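Since the structure of chain A is provided, determine the placement of chains B, C, D and E with the ligands on it from the hints.
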Amino acid sequence: MANPNTLGTGGLAYDKSKRAWPNEANVFIALILIILTFEALGQLLPYMKGQSMLFDFNMNRDGTILNVARIQIIILQVSIIGIIALGVTQVIISGGIDLSSGPLVGAAAMIVMSFGQTELVNGQLNPKAVFGDWAFDLPVIVPIFVGLAFGALIGCINGSFIAYTRIPPFIATLGMFLICRGIAQWWTKGQPVSFPTDSFAAIGSGMMPVVWFALLAILLFLIMKFTVYGKHTYAIGSNEDAARMSGINVKRHKVLVYMIASMLAAFAAVILSSKNLTAQAGMGQFYELYAIAMAVIGGVSLTGGRGSIVGTVLGAMVFGVIQSGFTFIKLDAYYQLIAMGSIIIGAVVLDQYRQQRATAG
Amino acid sequence: MANPNTLGTGGLAYDKSKRAWPNEANVFIALILIILTFEALGQLLPYMKGQSMLFDFNMNRDGTILNVARIQIIILQVSIIGIIALGVTQVIISGGIDLSSGPLVGAAAMIVMSFGQTELVNGQLNPKAVFGDWAFDLPVIVPIFVGLAFGALIGCINGSFIAYTRIPPFIATLGMFLICRGIAQWWTKGQPVSFPTDSFAAIGSGMMPVVWFALLAILLFLIMKFTVYGKHTYAIGSNEDAARMSGINVKRHKVLVYMIASMLAAFAAVILSSKNLTAQAGMGQFYELYAIAMAVIGGVSLTGGRGSIVGTVLGAMVFGVIQSGFTFIKLDAYYQLIAMGSIIIGAVVLDQYRQQRATAG
Amino acid sequence: MGDQFILETRDLTKHYGGVHALEGANFQLRAGEHVAIMGDNGAGKSTFVRQITGVEQRTRGDIIFDGKPVHFSGPLDAREEGIETVFQTLALADDLDVPDNLFLGREITKWNFLGPFRLLDYRAMREATIEGLERTAVKIPNIRNAIRNMSGGQRQCVAIARTATFHSKLTIMDEPTAALGVQETAQVENIVRTLKEAGEPLILVSHNMRQVFDLVDRVVVFRRGRICANLDIKNERISGEDVVAYITGAKTQEGYEDAA
Amino acid sequence: MGDQFILETRDLTKHYGGVHALEGANFQLRAGEHVAIMGDNGAGKSTFVRQITGVEQRTRGDIIFDGKPVHFSGPLDAREEGIETVFQTLALADDLDVPDNLFLGREITKWNFLGPFRLLDYRAMREATIEGLERTAVKIPNIRNAIRNMSGGQRQCVAIARTATFHSKLTIMDEPTAALGVQETAQVENIVRTLKEAGEPLILVSHNMRQVFDLVDRVVVFRRGRICANLDIKNERISGEDVVAYITGAKTQEGYEDAA
Amino acid sequence: EDIGVSMALFDDNFLTVLRNGIEASAAEMDGVEVQIEDAQNDLARQLDQINNFIASGVDAIIVNPVDTSATQAMTAAAEAAGVPLVFVNRQPINVDSMPDNQAFVASNEIESGTLETFEICKMLRAQGLGGGARAYVMMGELSNQAAVQRTKDIQDVLGMDMCSFIEVIDQQTANWSREQANSLMTNWLSSGEVFHAVIANNDEMALGAIQAIKAAGIDMADVVVGGVDATQDALSSMQAGELDVTVFQNAAGQGSGALNAAIALANGEEVEQKVYIPFELVTPANIEGYLTQN
Ligand SMILES: Nc1ncnc2c1ncn2[C@@H]1O[C@H](COP(=O)(O)OP(=O)(O)OP(=O)(O)O)[C@@H](O)[C@H]1O
Ligand SMILES: Nc1ncnc2c1ncn2[C@@H]1O[C@H](COP(=O)(O)OP(=O)(O)OP(=O)(O)O)[C@@H](O)[C@H]1O
Ligand SMILES: [Mg+2]
Ligand SMILES: [Mg+2]
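Residue numbers (the working numbering), protein chains in the order written: chain A, 28 to 388; chain B, 28 to 388; chain C, 250 to 509; chain D, 250 to 509; chain E, 7 to 300.
With the rest of the complex left out, here is chain A:
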């Protein structure tokens, strides 16, 4: 945009300074508002005795003015669903939806952990062993590879049905939702799988989930913004017929979109089971809904074609802040659900209101 002429071919007067804000700005404002609300509640609620959520003015814990521990847990607790949300974001941008990601996490965790078990626990044979001897103490690459391959397979099935039989993504992935739940329960007939090797346990220990989330978010951001893949994803979501008529191979592209989403979900399962040192069939329940909600709060449009990875990351942060904030102000669990629902609605209302103002401007 160095040369102002490159912006257009003339016509109407155009006032660059009044350009609409990026949508992400609205999400960011919502995030700040929510943080400030919790800070204010910490000051105002009598039983909180003037505590602060994100700041630590006494600096007694680790010598910084920020309450680093809380900031870490805020990001940590949304990292895993956040990774799923990255994949879901591109699915939604492509005009689809993925309901299968939650159960996929459960199924992938069970499978992955079966290949990541250690032989000896407290000197005895692993009591939760799924396979025989050969599957103990495998190099960490094996479970990761198995997980990604499983994710790729599920995504490929999802995508192929959606692309080639043209059934609605909602139905294809709802079917896969049930299938993955079935697989997860069938794998060990409901028994949890535990006791990973040390190297497997290292993948998701401590702040590693945050690192993975950050890396993958940057990668997806670059892909969606600067590559042909990203552009075609937006184009298909915006107008599938137009994309097809313009000569994009819509079917092949959709398969790829769902494969990437499922591989991200499977990788989230690797981190999740590593973090928890166990895999359980019920893992990942409601993750699909939360991942979708993060994306939508971040400004991704469910009709496709609009949204961004930056928005989804901000949407994930909103979730993290809400969850930690509730514990901070000691809100009863009954009211937590009600408040969470209200905040989700409120955040999107704000976004919508600002967007309308922007176009009405």
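Treat the hints loosely; a few may be bogus.
List time: in silico DSS-like cross-link candidates among lysine-lysine, alpha-carbon distance up to 25 Å [unchecked claim]:
(1) A/Lys155 - E/Lys158
(2) C/Lys359 - B/Lys252
(3) D/Lys359 - A/Lys278
(4) B/Lys216 - A/Lys357
Residues from chain B that keep clear of chain D, each with C-beta distances beyond 10 Å, as calculated [as the list claims (entries may be wrong)]:
(5) Ala52
(6) Leu246
(7) Glu267
(8) Ser369
Computed footprint of chain D on chain C, listed as stretches where at least three residues anywhere in the stretch have a Cβ under 8 Å from a Cβ of chain D [stated by the list, open to error]:
(9) 388-394
(10) 397-406
(11) 493-505
Keep in mind the hints are simulated off the structure, nothing from the lab. A quick note: this is a predicted structure, and the numbers were derived from the prediction, not measured. Even for Gly, the Cβ is constructed at its ideal location relative to N, Cα and C.
Just chains B, C, D and E with the ligands, lined up with the frame of chain A:
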């Protein structure tokens, strides 16, 4: 259509005999195929010893050739979710979605049952009493009215947010999903509410749920097909801008659509808690997904504007047959989920395939 | 200004973000008058129409319709006040059939005491539809097919028939004949002439010079979001070339110098 | 038939359910020839275009392109074979901006070894876009606005610029100037003349008699889903009225009696 | 003291009684604040809740684990922060390697299914069906450990010589729910098979089965139905002569016991690290003692 001239103003040759089938026909074919599959499995699987699912050739049970008991349970077990699906159908046709119906069932059941309790249980004071004396043995109209009013309120909130702030229906009703779960858990702090009056228990006893489902299905069918309300619902789902520019009061209409959906879900909660003689906060889990799936299997398009009540009723039947069929062939629970997912996908693939054939014809 | 204005706008302005799509438009329409709006692509003609009909909310300015200042909150308001519009985007519901679209928002009904649940009179609407379509000469083999499956011209004729079927205080047509064939265009022009005879005022947006000279009394030219000329083609000697000169900016009329 | 045909269809037929939208079309296009297709609204012109470009699958018949029978499974195939099309529905992605739409499906890229993840060269595409748009004379204040916010004519110009920017063996334009203003129409007609000079063949669907007589060598008339006339307007004495007579069915050419 | 509590699931009748037990005893004590969170059966969420508690500086944490095999990570998190931790109701997998400031108050899930099934076995034998009886088994949600364990208990008991006369006709899940159990039972009934007992993983499903059997017009005296939990509804049904067996677990006692242990640990006191609360069998014979317990 008595006068053939009324069909058009000429132009191309038009061959009436080749008109495309109604979409409902595809769903009906899918239903028949699924029934036949289970019948065949009953004949072929060795451990089934040649049993039949729907027929009773010995006529030893009630003297008819049909296995009436099984046909009844097939319809009975989907009646309650079916009632929700009727409301969801019109929401989807209007271009929206309702995720809050499942948790709404839980919340409404808790509230309704609190007004439908009897005073004496086995000669002792009701051990689960929610309110005091005044709320015992109220006439049955009170809990029904309270339930419908609660449903109307929730639907009005859903609809108002969607219509007036223009947030996506997915988010508005996902927020309401959480809020309703919160309300359900908060109402009695998780304690179940039990021991209804006899008149309340009569609403959902025996085959009454089927009667309600049939009555409401006919009512909704007439409304969607023959009234202005129905036409405007289709118009809004088909092209909201066009509907608005044509002078439909889109906002008011949407509020009405969501109110009707939530009132149907609340009425389903009345029947459900009456049938089970109890209300629990977790009731209705996944009902929203199943209701949506019934509608979509029945040919309702998630992009709005297309579908019918007849289709949804057939979609509900597909569910009923699948569930009974699994029990009939004694399929293991692990495989049930996998098979259910596959059948849902398969049914819609078939529908889609026939639709494409029809237009390609 | 002794005349009776049916529509008047003062300083009507609309900005989209940084795009100044309409800037200070002062426009008058007398009772019974037919006016054409011309201008380049993107000059702001449709934007002007959208402000008048309440589809969008204006940035500033006044609209006086039928003697009263109006603030339509939506197209429903505008229609209730008697403004019928054929939008450039047509505003048809793709999944509905032709009669449904023609009567969208004002269905013929029975049992009106049922409120929103009053019954539709399908037969009456079907018959009225055939009649309305015949006035546009369009050929549609089966009016019960969804609009989605209609050709571009068929869709446009449905939108025009919708407007022509109902009486109004003001009719606005935004490029109504763009997709129409030779015969259909002629018919639509006949409809416009009928309106003229009935004394109903009309705003016609069109790029077709012949059509404009055949049909209307006056041409208003838009350029870069502003009105740049107001040409009384019935009484003054104005040629097509003159109008093109105003459109391209080769000429600017007195009194509109700021539009240059 | 000694000529070299770039495109030939034999008995090309398309039924939608009961609607016989296209019936036994035999059509030939010679190398370098410009042919117009005319006909009533709903006569089957766009249907014909959709069959040739693989957007839909034909009911029966053969298409021979560049000497070989072809069965395009989608528009991508057709484009790869060298057919560039401006569809009547324009086929633009509403949420993307102008350069994105112009290069949709054939982006200018860097680092192509990355396969689907190769990088976009935004700057090059932006510059090429401005150039392409200038050929159509359309004015767009900010090409980075979403297509959703463009006027009808601006959208159409983007679709035309897209086709005109790339070389092809055959160009098809379905009512390309329907929404265009006077200047823009003139420019697009210039683009067509340039194609003629370059010897690239063209099929032009249009309702505009003047345009057709100005630009093309031959007119094929569709009526009720069938071809009813094939008029060599450059060499025979054929007037606009004659063509209208064929369109309306007042006349039928020899050899096409079954279309009556 | 501030005590953080993470419950596996709020929607569970039994755990609700336990939770209310914690709340009730906290209300009686001075200066004890409890903050109860719902892990919604998601063990990752539970681990996050524990981290959140630690970050907000609670004095002790009580956990009702979603999954007893996931307790290792929880123990590690609390240990690293030096916050005392008490597991309640479900026995953690790492029970033998817990640090000193951690404890558990729990029951052994193996008992519940065993007690239930063995009693049903005895009742069937007493009815003279020792030559062969047929039973349906209703399982809870298969991703839930209690369901898996109780179902295994049933199989183990039926594998014993004494009870092997009982043949399982079919074994399906009704996901803990009365509604689904009602449908499942009606489906079974529509096949017309002869059966003598229904063994359910919890009381809710047993009650659903009873409603379906009653609706089919079968005399409840001819069928033995068993559940687990001893809920109010179940006891009332037992009083009405419908439900035959259930198993009681002292939820409120576990709740207050866990709270006491947590407070003691927070104050640096020594506590007993392992407290087992046994399951108790409830039949019409001894029902009077349990009517006001849960
Ligand atoms: N998918 C479809 N299903 C049913 N009928 C269709 C479908 N597509 C087109 N038609 C019908 O086929 C006929 C021909 O349509 P087509 O779009 O080819 O007309 P056209 O000649 O391009 O007209 P126009 O000049 O208005 O663009 C029309 O009557 C239309 O209603
Ligand atoms: N929602 C919007 N956001 C931003 N810009 C817009 C929006 N709507 C219209 N514009 C811009 O406003 C200008 C005027 O558009 P308008 O549709 O009024 O043109 P028009 O005169 O009707 O042109 P045409 O003859 O092509 O229909 C165009 O440059 C267009 O890009
Ligand atoms: Mg316009
Ligand atoms: Mg056409």
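Hints versus structure:
1. A/Lys155 - E/Lys158: holds (15 Å)
2. C/Lys359 - B/Lys252: holds (14 Å)
3. D/Lys359 - A/Lys278: Given pair D/Lys359, A/Lys278 holds - Cα atoms ~24 Å apart, limit 25 Å.
4. B/Lys216 - A/Lys357: holds (17 Å)
5. Ala52: Correct as stated: the minimum Cβ-Cβ distance to chain D is 13 Å, above 10 Å.
6. Leu246: With a cut-off of 10 Å, B/Leu246 remains clear of chain D, as the shortest Cβ separation is near 31 Å.
7. Glu267: About 14 Å separates B/Glu267 from the closest Cβ of chain D, which puts it past 10 Å; holds.
8. Ser369: Consistent with the label, B/Ser369 stays out of reach of chain D, its closest Cβ about 28 Å off (over 10 Å).
9. 388-394: Holds: 5 residues of the stretch 388-394 of chain C have a Cβ under 8 Å from chain D.
10. 397-406: holds (count 8)
11. 493-505: holds (count 3)
Checked against the numbered hints listed earlier, the structure breaks none of them; every hint is satisfied.
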